[in-house]
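S.K.: Let's have the full structure, built from the sequences with the hints guiding it.
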Amino acid sequence: MDEQPRLMHSHGVGMAGHPGLAQHMQDGTAGTDGEGRKQDIGDILQQIMTITDQSLDEAQARKHALNCHRMKPALFNVLCEIKEKTVLSIRGAQEEEPPDPQLMRLDNMLLAEGVAGPEKGGGSAAAAAAAAATGGIGADNSAEHSDYRAKLSQIRQIYHTELEKYEQLDIVPTGGGYGQRQNLKKNACNEFTTHVMNLLREQSRTRPISPKEIERMVSIIHRKFSSIQMQLKQSTCEAVMILRSRFLDARRKRRNFNKQATEILNEYFYSHLSNPYPSEEAKEELAKKCSITVSQVSNWFGNKRIRYKKNIGKFQEEANMYAARTAVSATSVSAHGSQANSPSTPNSAGSAGSFNMSNSGDLFMSVQSLNGDSYQGGQVGANIQSQVDTLRHVISQTGGYSDSLAASQMYSPQGINTNGGWQDAPTPSSVTSPTEGPGSVHSDTSN
DNA sequence: ATCGATGATTAAGG
DNA sequence: CCTTAATCATCGAT
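Note that UniProt numbering has the first sequence beginning at 1, numbered continuously upward.
Treat the hints as calculated values from the structure; they're not laboratory data. Each residue gets a CB set at the ideal place from its N, CA and C atoms; glycine is no exception. Please note that a few of the clues may not be correct.
To be verified - In silico DSS-like links for lysine-lysine, alpha-carbon gap of 27 Å or less: (1) 72 x 212; (2) 259 x 310; (3) 83 x 72; (4) 259 x 63; (5) 165 x 212; (6) 310 x 151; (7) 288 x 259; (8) 83 x 259; (9) 304 x 289; (10) 314 x 259; (11) 63 x 83; (12) 253 x 224; (13) 309 x 259; (14) 259 x 304.
Unchecked claim - Simulated DEER-style distance windows between Cβ atoms: (15) 57 x 103: 52 to 58 Å; (16) 57 x 104: 57 to 63 Å; (17) 303 x 99: 30 to 36 Å; (18) 112 x 258: 33 to 39 Å; (19) 102 x 58: 53 to 59 Å.
M.R.: Structure below.
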């Protein structure tokens, strides 16, 4: 495009298209004195100003005369050749790049995410509706999943409509570049390409534009559109990734466990406070009871342990409560019941099912805390109170702690000593806690 | 809007 | 794999 003035110049000179103008230009280039040049420019400007005065017919006739000039084809070819050598050789270098690995990666990913592939199912809206309609307990999960799918299909739709615009199909400049195009789908790329092609063909009547050059231009356009496509794919990938992280990252859709599950977990925790490492079976059982996964149980215990250890005081009340509960269920049958043989939690929330006192150490601890503060004793009843009394007695004998501060301090010897935690407990996951040797805990306590 | 509680993830160590 | 410790991101109450 930028060569236009020069080419026009060439035409003017070579073909005498505009006698007056050519004359002056020749004069201008030949003359060396500034005086004459200035005058030439003035003349040229004058002519340019008056060029619109010429009738259209006259211009057309002149153009026609140009086109039909006998020297035109030869000159045209020569000029094309020269242009080929000078201008086009510069950018002939980067042709036919190999398939971009990044593009392939993007394609693969889009395919894997179901964005690029064929539409599946009868429209995801229906699927989403169906999933949402199932309702019930699992509704939360499936609803979010369907929401995810709906969003994904939205992305997918945008992607496809956009992609179609930029897709390039069969623009075949057959033979000499004046060939016919076939199967032209109407989209931005093809429209633009044909437009440019037509424009260049039109101009090739007045400018030296070889068919080869048109072809090259087409390929340049295609490259540009390819890069647009690439960008589209890239941003689609990004969108999918964001969507994924938004919906599939469990952290982001965290739901608190329901109260019952928390109760069960807490009961297990506080009744095994000396060694709160449930075995694999225990975890499975807890998971089943709480309707959560085993790894969620593991997470819960991991979090609980660390948070309990970090701030025991904060958990006192909770500890009291669960310990008291355990104690109640244990004492209410007024028997030192041995464990149920399964690694089950002491008692399932609220029900008077399995009364078991996991170990006396824990009870001891719980009562210590009762001794300390804030326990109102409402539902517990007299037998607990008596135990409190007894233990208070014991405590006062052994340690001499008598105020609420003592309670929190008394927790630590349980197993968490100042040096760091339950670490001297038996190998965590290999111990099925309910079948523990009672003595060990006591010895722990006495430390 | 803010803030503590909480489930999940990550890094480091075994 | 397991753990701990730190951290993230959300929930839920205020």
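S.K.: Among the hints numbered above, which are violated by the structure, and what are their numbers in rising order?
M.R.: Hint check: 4, 6, 8, 12 and 17 fail, others pass.
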